[in-house]
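Using the hints, position chains B, C and D against chain A.
Chains as they are written, first to last, in the working numbering: chain A, 1 to 456; chain B, 457 to 912; chain C, 913 to 1368; chain D, 1369 to 1824.
Derived from the structure by calculation, the hints contain no laboratory data. You may find that some hints are simply not true.
Computed cross-link-like contacts, DSBU-like style, restricted to lysine-lysine with a CA-CA straight-line distance of at most 35 Å [said to hold, decoys possible]:
id	chain 1	residue 1	chain 2	residue 2
1	A	LYS38	B	LYS494
2	B	LYS839	C	LYS1168
3	C	LYS1077	D	LYS1751
Predicted, not measured: the structure shown is a model, and the values here were computed from it.
Protein chains: 4
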Amino acid sequence: MFLKKIKSEGIAHLSYILGDGRDAVVIDPRRDGEIYAKIAAQQGMRITRIFETHRNEDYVIGSKDLARRTGAAVYHGKALDFSYGEGVSEGDTFAVGDLGLKILETPGHTFESISIVVTDKNYGKDAVAVFTGDALFIGDVGRTDFFPDQARAVAGALYDSIFDKLLPLGDQTIIYPAHGAGSVCGDSMASREFSTIGYERMHNPALQKTDREAFIDFKVREQHYMPPYFKKMEHYNQFGPPPLHTLPQPEPMSAKDVEKAQTDGAVLMDLRSPEAYAGAFIPGSLAMPLEMIPAYAGYLLDYSTDIILIPETQEQIPEAVAHLIRTGYDRVSGYLKGGMHSWEVEGLPYDRIGAVHAAAIGQRMQHKEDLTLLDVRKISEYKQSRLAGATHIFLGELPHRIDELDPRKPVITFCGSGQRAIIAASILKQHGFTRVEDSLGSMQACKNVGCELQEG
Amino acid sequence: MFLKKIKSEGIAHLSYILGDGRDAVVIDPRRDGEIYAKIAAQQGMRITRIFETHRNEDYVIGSKDLARRTGAAVYHGKALDFSYGEGVSEGDTFAVGDLGLKILETPGHTFESISIVVTDKNYGKDAVAVFTGDALFIGDVGRTDFFPDQARAVAGALYDSIFDKLLPLGDQTIIYPAHGAGSVCGDSMASREFSTIGYERMHNPALQKTDREAFIDFKVREQHYMPPYFKKMEHYNQFGPPPLHTLPQPEPMSAKDVEKAQTDGAVLMDLRSPEAYAGAFIPGSLAMPLEMIPAYAGYLLDYSTDIILIPETQEQIPEAVAHLIRTGYDRVSGYLKGGMHSWEVEGLPYDRIGAVHAAAIGQRMQHKEDLTLLDVRKISEYKQSRLAGATHIFLGELPHRIDELDPRKPVITFCGSGQRAIIAASILKQHGFTRVEDSLGSMQACKNVGCELQEG
Amino acid sequence: MFLKKIKSEGIAHLSYILGDGRDAVVIDPRRDGEIYAKIAAQQGMRITRIFETHRNEDYVIGSKDLARRTGAAVYHGKALDFSYGEGVSEGDTFAVGDLGLKILETPGHTFESISIVVTDKNYGKDAVAVFTGDALFIGDVGRTDFFPDQARAVAGALYDSIFDKLLPLGDQTIIYPAHGAGSVCGDSMASREFSTIGYERMHNPALQKTDREAFIDFKVREQHYMPPYFKKMEHYNQFGPPPLHTLPQPEPMSAKDVEKAQTDGAVLMDLRSPEAYAGAFIPGSLAMPLEMIPAYAGYLLDYSTDIILIPETQEQIPEAVAHLIRTGYDRVSGYLKGGMHSWEVEGLPYDRIGAVHAAAIGQRMQHKEDLTLLDVRKISEYKQSRLAGATHIFLGELPHRIDELDPRKPVITFCGSGQRAIIAASILKQHGFTRVEDSLGSMQACKNVGCELQEG
Amino acid sequence: MFLKKIKSEGIAHLSYILGDGRDAVVIDPRRDGEIYAKIAAQQGMRITRIFETHRNEDYVIGSKDLARRTGAAVYHGKALDFSYGEGVSEGDTFAVGDLGLKILETPGHTFESISIVVTDKNYGKDAVAVFTGDALFIGDVGRTDFFPDQARAVAGALYDSIFDKLLPLGDQTIIYPAHGAGSVCGDSMASREFSTIGYERMHNPALQKTDREAFIDFKVREQHYMPPYFKKMEHYNQFGPPPLHTLPQPEPMSAKDVEKAQTDGAVLMDLRSPEAYAGAFIPGSLAMPLEMIPAYAGYLLDYSTDIILIPETQEQIPEAVAHLIRTGYDRVSGYLKGGMHSWEVEGLPYDRIGAVHAAAIGQRMQHKEDLTLLDVRKISEYKQSRLAGATHIFLGELPHRIDELDPRKPVITFCGSGQRAIIAASILKQHGFTRVEDSLGSMQACKNVGCELQEG
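Isolated chain A (complex conformation) (with noise of 0.2 Å):
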């Protein structure tokens, strides 16, 4: 018997195979999914059954590309109506060997959600595991702000899939939830990732709103973004993405085809650090460093655009396009060769941005300077703490709020550590602010050197 997590970083996404014998289950696999069928053909298994344990709205589920590459049958649950694959009940039971799936109803997150439970014939009916979805972090609840005119039924629902039918499987119960730290399905997941049903009973903090009401009030009090690449992902997973034979390979380009690329239309996606990027930029590029794709393109890519990536070596490509392939864009058509260096040495024209030190914001505020201070945390970092003087707008909506920025001010664009700073100061140069400057650090580093700071 064997059970192996494969975590797609990034999204914090938490797939998973089970097998006993001659056959193995996947839960809510991911769109590149040649992972799964090495580890079978590994271990001398054939995949006969996929499970997703909801419509996700946060990243394309593979399970179409991986059943029709394998034979196996998907199960989901049966209170959505989904053009593919089979509903399944409160109740169904599946075996793998000698393990038993049990399937648990967990509305909440989505109305069609699932649990799966997981029981050893050899040992008896217990739960020994449970894969939750997104029903059940670790340190964490999914969120229920899917159906805003349904606030407080929806997060009733999850209490009673909870407190009802999760709790009730025992303190034993090792849980398998679909997202970790990191994932925008849920702001305070613990960076462990190992637990039980009994420790989150315990510790979980959602958990420890027992009386139903206050959870419910819990619940609805949260603010969670929707970037719009939501609704492009809940379609797809309810009627079935584009089948994806193949990864895309983006071409190498050079600077000269990359220049035209982008005069005729192209979005240049510059997945260089912070530093790198201010250090020479292309103009008109959007920074992207690799490993905030998953967060942000959503947020910033349209899906009928040709993506060319800007990359520092040639491995961040296939990196770069597995994640923005989960998310939906199949469109990366290419990447210029060499990186910025071949850019600079073709004596095209390259911009740079300043860079800002914490203990300087602080000083040049106080002597009244002019300007304006972008932070674009989430509002709720935003809330927690800041810089006195600070405009607020979330980086996900600055495209479109743009206007309420004097372009011919001073900009300086403020984060947690600097990641989204660059992001953010790259849309202000494509938008004609010419004074931008990034503050390298941070929230983080104003913090180390003792900024004063609003709190509350």
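For chains B, C and D alone, kept in the frame of chain A given last:
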């Protein structure tokens, strides 16, 4: 934070590397420890501490080599006088980033056995996991037969360790034991590799003996074999094994060179399958199908003889070397390049072993053929179910008890599924038995074809 | 600039990927073409052109799949009417960065055969290397027996291609042929894989026939076998093979399922060593040691039957699949999981084959034992040296000529070193021969033990 | 038989492993020699001999470590008194399976230089290939400037080695030199990595000087730099370098720890791109883009100081370590975990460097701005083409000649494409220059934007 289980197949040894921030700890490292250093480097961590849950007797622990390489400190229970490392006591604590590690003294399997409780300081003081060493396995508990003159006392100590220390950690605690299914350290482990204190409390057969005396009775009635190499391991693991700077690299040898080495006293260890060995083997060689090394090499090899491998494929060489050095056999000097084929084309003599189908054994026994049906399984397997008329000698004891058999009579070797039978057959051949057949499929085949069996 | 040779073991097929700047070209890609795309991606290049040196008859060319995947153009000699790609003519040139490629028409092996000369524009117009396809090998030249009614004409064409086109390129020219030692496309290739026009001019035995008529005489006297699958390959390679989106993934099957599939008509192809097959095999199965597939599967398998593999190890599966699809056998539907062991423990019937030591054959022949000594080597090997009294039937023809043998007599199968003998033995068993032995070591062992041989 | 070229990027060092049967030989192994042992093991061969074509001066040879590990014998030319290995003489022969190796003494680059001729005994005594060490490269010949007081004599010796020994091997002979394009051992090597004696005879510029005196004149007029680390290499390679049991494993360090180590005297070596360094760097650090290490570390680092790496990615660490130990820098004690980002969030001070576009340099020079345009290329590059008004100091000499520059004036650093310019800029910053800009793109950009250049 990350936690990774490293499984050494064959001995079913489980070691762990656990890290947070810049520090990582390793629990019970194996001797070929490159893997821990590599994982730590990938994670950008340094291994600062190594814990041994107890002085192991079934494999060589790799702590000293790993400590030499990384500068890490080594810790073990203080109830044994180790010649290296530091002793730890009940209640000692260590921090690894946000994780806390707390020592529990859990004697029983050995006197100095410890367990290591994991807490997460972001969530409170309850145990989230525990490394149980050989105290508590999934589906079984540790052996208590190493101190036969104190049999009841050590079984009682194990009871106390489990019932008074481990179970009180709470049902929610995930367990990470030092062995999985297939280990010589317990007969009844589950093939499932994830469990919790709660699940074991409910379903581990040994833990159903909640009465102390009943538990002790149960443990002292258990029958385990004690391979002779255990003594070597105990000595190595108390006083430190020979350092292993690099893994042995057996030399490719020609058939003629192998023949000469055999004459000079080397052991030829044939790694191929029972069918291949039966089809043609080098006279005097020892059959040892690759996956049998961990369980039986320690009975059949001594530490002062050069070992030459007869492989099926080149890929088997490093795997055999790993199995051998883990049990302290470092003198793997060469292998027959090109395998048996190169022996045959050289025109050197080979021998063969007959095969008896399960269905034929019964017929031959019925016809009162004057033969020895030699069952080499463990006594516990033999007692449970056997063919009438069988002679039982456990494989590990065969070389020493071979005089009990009549070399003039035909012998059919017999075991669970045919792997041990071929080893036994090769030993008989070494000792001049000429009419040797082995039962491919053995007991499993017997059951499937409906042989008449004696049980209980 | 880079040049990489991709060798497909077994068929000893050599393909090449050559790149400079952003463009790469592939010469004679194999069907499992992932490797070319991967190398190009690592180098930051795109494959823009694919050249076929000729319509191959011994393997399926991968041009169409690779072109579909990369968008590359396909080129081949214009003397054959291909249903895809573009024809090229003597003197056509292509640039790949600083390299120049120039087409030479070099008919002989086939009419449309081309060679591709490489120049380096930084250094002048002399050839630095040439891709010779099947015109000129290291130590041999291409076969000219594919158009038997124009035997002398094609041999003459090859003479002209070599002496009038390739040799004039100059001694300094490195040669990159389409096959290396072990190929069915030539018997006498060197095991050394690097050479030049000059070295071949001096030492290639065929090139010592500098007289045109002598060369032609030499070529038309050659004897080559024409495996039946060549026809399929020729058709595939002229009109395009079935597309291969992903490699076949054979399913793991239980012994019972394999038994049933065999009843339903599937071929069981046993990949294990001769010793293992002789030790125990499934009645009705075909012995086909893994490394024999490229040379003999094409004689013994048809294209309309499912193939089920009986492997020694899991690792053999993808290797067997690669060998099979390269020769167009795509119906590899399953494999016996756990190998022969799982068949035995199921209690299913198995058979065995006797082994005869080389030294014993002579004795038995001398004692006038009434047996058939069946030599299945190529006729050229047989003619060169053989045991007295042997019956010769080439392995590839055995199924069609089996009536020439007496099934009631004992048969000893015999070949070069024992690999083909086991295949022959399994075929005899399939046809009801009951007294079959095979000669492990065969002719090589005979020579080493000093058997009396007939030569010439 | 197999032959594999192992290329060490950066120093463009080519080593080779050649094997036949059970024996393999290695030519000029690098210091991180795991790769040779691994290849030999995969091939089922043992490395029995190691040849050094000469006492190298640009990298540490790995013969002693590899010999210790494999038991192989080490051979080199007898004209130098090595403290290990055995001397070989003209005409000495060695067999490797069917291959013959014959020693040619080919002095010139160094006195003890040898070449090794390869023959194939199945085909006769002509050379099929030759390992030429640093005597003959593809497109160039070896440096002859190591013995300045015997300049004409050694150049003459090289002429004799090439014209009297290597060329007579015949045009058909493939050459395998010890360096490829990019090496400091020759300026004019081809990027093409395959050639023959014949092709070089026709096209190697140096070999067109067929007159001995003309060749000598040509060689003594060449200008090469002699990095200070050459002396260390020469000493190591004559008397044996410190043994390297395992590669250095730099420790992950926090920003605070790095700051402290710097205070204690460690060198911070920043591996990031010029853009990233310019965007933000640690004051006092040395810019050293990863791929610049082989060429410039030997000028700018000493052997007695701890080196701490500032990486862009975790993957750069082992690559930097390999580059460093190949030139004898073993004290790579740590790296800044999380890279520059972790320095910034700690709030520690960073500095930046300005960038000047190629097109702007001319304008600023025209406007008579009082600045230093510092060209740090090799003198040969500078002489060939340069911007008017530039000050030339070769990068390798900059630390020793820094007093020639006025620290109060703005400095623009300038090189071939911008990589060396950032190193120079960081050195100026270390020496208190405050107004430093670097020219991204440098000379290549200048050419592409049409700067006015002085040539010749």
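| query | CA of C:LYS1077 to CA of D:LYS1751, is that 35 Å or under? | reply | Given pair C:LYS1077, D:LYS1751 is violated - Cα atoms ~45 Å apart, limit 35 Å.
| task | For the pair supplied as a hint, A:LYS38 and B:LYS494, confirm whether the alpha-carbon distance does not exceed 35 Å. | result | Cα-Cα ~23 Å, so holds.
| field | Given pair status - C:LYS1168, B:LYS839, alpha carbons within 35 Å | value | holds (30 Å)
Hint 3 from the list above is the single one not met by this structure.
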